[in-house]
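All chains, please: the whole structure from these sequences, using the hints.
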Amino acid sequence: MVLGLPLLGAFLLALFGARRYAAELNAGMSFSTLVAVSFLVLRVLRHGPLLALHEQFFVDSFNVFLVALTAFVGFTTALFSRPYMRIEEQRGRLNPQRLRLYHSMYQLFMAAMFLALLTNNMGLLWVAMEAATLSTVLLVSLYRTRASLEAAWKYFILCGVGIAQALFGTILLYFAAEHVLGREGMTALLWTHLNAVKGHLEPRVLGLAFVFFLVGYGTKVGLAPLHNWLPDAHAEGPTPVSAVLSGLLLNVALYAVIRCKVLVEGSIGSYLPGHMLMGFGLLSAVLGAFFLWRQRDIKRLFAYSSIEHMGIITFAFGIGGPIANFAALLHMTVHSLTKSSIFFTAGHASQTADTQQMAGIRGLVGVSPTIGWGLMLGSIAILGMPPFGVFASEFLILTTAMREHPWTTPFLLIALGVAFAAIFRKVQPMVFGESNAPPLPHSPALAPVFVHLAIVLMLGVYIPFALAEWYRAAALLIGG
Amino acid sequence: MTALTMVRQFGEVLLAIAIAPLFTGWIAQCRAWLQSRAAPPLTQPYRMLRKLFQKDVALATHASALFRMTPYILFGAMVLVAAIIPSIATDLPFARVADAIALIGLFATARVFLSLAAMDIGTAFGSMGARRDMMIGFLAEPALLMVLFNAFLLSGSTALPSVVEASTAHSFLMDPSLLFAAVAFLMVLLAENARIPIDNPATHLELTMIHEAMALEYSARHLALVEWASDLKLFNYACIGFALFLPWGIATHGADGGLALGLAVAVLLAKLTVAGAALALIESLSAKLRIFRAPEYLAMAFLLAVLGLLVHLLLGA
Amino acid sequence: MHPSHLTAALLKLLAASLLLISFAMLSRRRTQRLITLFAWQGAVLFMSTLLVAHSAGLRELYYSAALTLLLKVIALPWILHRLIHRLGAQWDSETLVNIPTTMLVGLGLVIFAFGLAHPISRMATTITRNTIGIALAIIFLAFLMMITRRKAVTQVIGFLAMENGLFFAATSATYGMPMVIELGIALDLLVGFFILGIFFFQIREQFDSLDLSNMEALKED
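Residue numbers (this note's numbering), protein chains in the order written: chain H, 1 to 480; chain R, 481 to 797; chain V, 798 to 1018.
In short, the hints are calculated from the structure, not lab data.
Keep in mind it's a predicted model, so treat the numbers as computed, not measured.
Cβ atoms here follow ideal geometry from the backbone N, Cα and C, with glycine treated the same way.
The reader is advised that the hints may include incorrect statements.
Derived DEER-like restraints, expressed as beta-carbon distance ranges [to be verified]: (1) H:Q56 - V:I876: 47 to 57 Å; (2) H:P49 - V:L803: 41 to 51 Å; (3) H:T192 - V:I995: 33 to 43 Å; (4) H:T192 - V:Q999: 35 to 45 Å.
This is how it looks when you write it as structure tokens:
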């Protein structure tokens, strides 16, 4: 059901995408997906993990949480993209045909992500990740400008190579599993079965497989040495695409890494995978933070901020244990919500000023108070100022790191501090100051921004009991 | 050592001397066909040799004794090499005393003398050709050694007859490492015998010559011997290739009666026919490389041969 | 000679030819030659898959062998040839690093790949186990080719060659992945390839050339 709806949506939009109501249809399909997902969530919450279709699909509290998040952000982004894309069309950067491509690819991308999240089959997970890459490649190059083509090419080649490594990892995993589970019944790639026998899997092969998995899916997460594609793709694609890439795709890729980590750690019986995650995470966080200083493009700025935050999340998963996992999941949630809302406002901000260069964007509050304050609040939230949820999760991660691996704390603090200074210094003049830019032709749909920020705020002040329980269950599931 | 083996040995050498020009002629004929030209008759190299032997020698005024001796040394070295290579039978008295390393030494001796002779007269083209030939030889020799090591590693011996016997005894399927060695060997063969990617045997442009430039000052019977020696060299290389990579049909020790020998000669002729056609095809398909691409080409041959060794070591027997 | 020995020896030979073709690809400058070599690689891959399928008696592998033949030997090279004709892109593809150096690095990669694959080969039960190292080496070499080339078409061929290596790894380590996955991979490959084909035209439209060294606008300054 969850999978079918976006697929149907992709199909419908491919047919009718050029019409005027395509954007509404897009939002509608996303909304119905969200409804379907909420039923799924309720079922999982009530009855526990769920297997479907010959065990090919599997839902537990870890992935159902991500599914819910994906559906929600997917829906709000669809809402946001409606006026945004209208404005782009009016400015002549897009034509109806490209819009059709955009809408159908958007739904296809959502479908691929749901498939990746829900599947129980590690091979299918790979196929879905590749499909998600392919559908977004065309989205990134939607404007067909030199820069966007370059970004898309880089994205495709880097992620293509990366994901090929992940395929090799999958082959190795299958190879190890085949010895234990046999070829019959195709169970040797099903995660639930693998998880059950992970203690018997050959540790050396799995260790090697994990390296390939980490490099492969890690490229898509945007982990540090392999992050090159990320800022380009974010900056050159249309803003709704940047929002879903940053808010969702990175999460899904990280989800794949974590699934593998659970298996490999169970097999090796050491903390090696965790340590590798910590190393990569820390490197990404620090590098991302330092690169923030040098950005002049608003979307690139926040793309690097995404790298930094994915680094922090990866680091937290690397520490492992219930508290760090809890914090990582929380951070995943708040980061997705905050970052997508920032991209929404940043998109409108650059539309207002007709440039993505930060030097050209000035005095947003004067032109459109909602955009200005949205960007300001979003930035404050992503920087981890106290009332927001990001503060809570970052605080948790920091304290855990201090207790478990004290040597990492200075690096984390430096990363956070540098990021804080860099973003604050750049956002402040954009929001305040003088400007004479004309207001936008369509009133922007900024309700999603404030809804997202409100949720983040709420998570910072008070986490509802049910939600906390849910996180806790997921955190335990990941173990480590 | 029986008289029979001696007869076999001399027969083999005589056969080599006799059909080496024929092999060269065959390649030239195939090339002509491939380029849709009228082909010269197969006996063309023999006619050339006869004509040259009938002429009077014209020597440069300050040619030294070295210059006059070189054609004989060259020819002698190539005949010795032909004696070492087991082209039709493995039980050869000469082949037993010298291994493949000695063979490379003989090739090197010939090269050194030819280069010295080319520089002896002091013409510009001669010394240019000599320098180029030395460079190519300097790069090709390690590659050839590596190729031979591949075969040695498989058979556990550095003598060519043992290599042949080992590979005919074990299996009729090529070992993977030999695949790399074969490609490398082919590259070395083309380079060492002044064939197309490196040198053009039919060129008339002195600036691009290598082998021809060195023989420019020779005439009459000297030139005939130099040419015959280079035909023999090509023939010898082809026979080394057969011994290493396609050893079937060579009469092995113990099974070398008259019938087997006759069969071996027939098989050798068949192989030469096919190899000549293949060489002509390769030459027609590829373009001559600029001289400063030659190191790259030969480095590739060397690396391929090393790769063969690696594959053998890593893949495990 | 025992038939399974013969098969194993033959497979080794085919694996070595795959590796040889990979090296040949590294050393080629011309795009057109590369495509021909890629087709050859596909053909050898097809033969080895067929051989494995025969010796292991697995029906699925016959299907994937057929898929290989169709996709990698016939369809993709043909389309690539058509593409470069349409784009007028049969020119030399210059390399960044000179060829012997590339080959030397490749040699190092082969050793590395064999080292990595050693523990896996030791526990494999398939008759193809010795070739896992070769498969890994082919993947690395394709990767190297993608790094050292600056032409869009060449990079794509490198990408496809890498996929060949992965496929070979799957057959030699585990007699192939389950059929569903194979199909999914093939589909992804095909779709990706078509997207790249579209890209070629867009890139040429924008940059007037398929040389990726034009694409240096986006970097950290």
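Results of checking the hints against the structure:
1. The hint said 47 to 57 Å for the Cβ distance between Q56 (chain H) and I876 (chain V), and at roughly 33 Å that hint is violated.
2. In this structure, P49 (chain H) and L803 (chain V) meet the distance hint of 41 to 51 Å, their C-beta atoms being roughly 50 Å apart.
3. Taking the beta carbon of each, T192 (chain H) and I995 (chain V) are about 39 Å apart, inside 33 to 43 Å as hinted.
4. In this structure, T192 (chain H) and Q999 (chain V) meet the distance hint of 35 to 45 Å, their C-beta atoms being roughly 43 Å apart.
Violation of the numbered hints given earlier is confined to hint 1; every other hint is satisfied by the structure.
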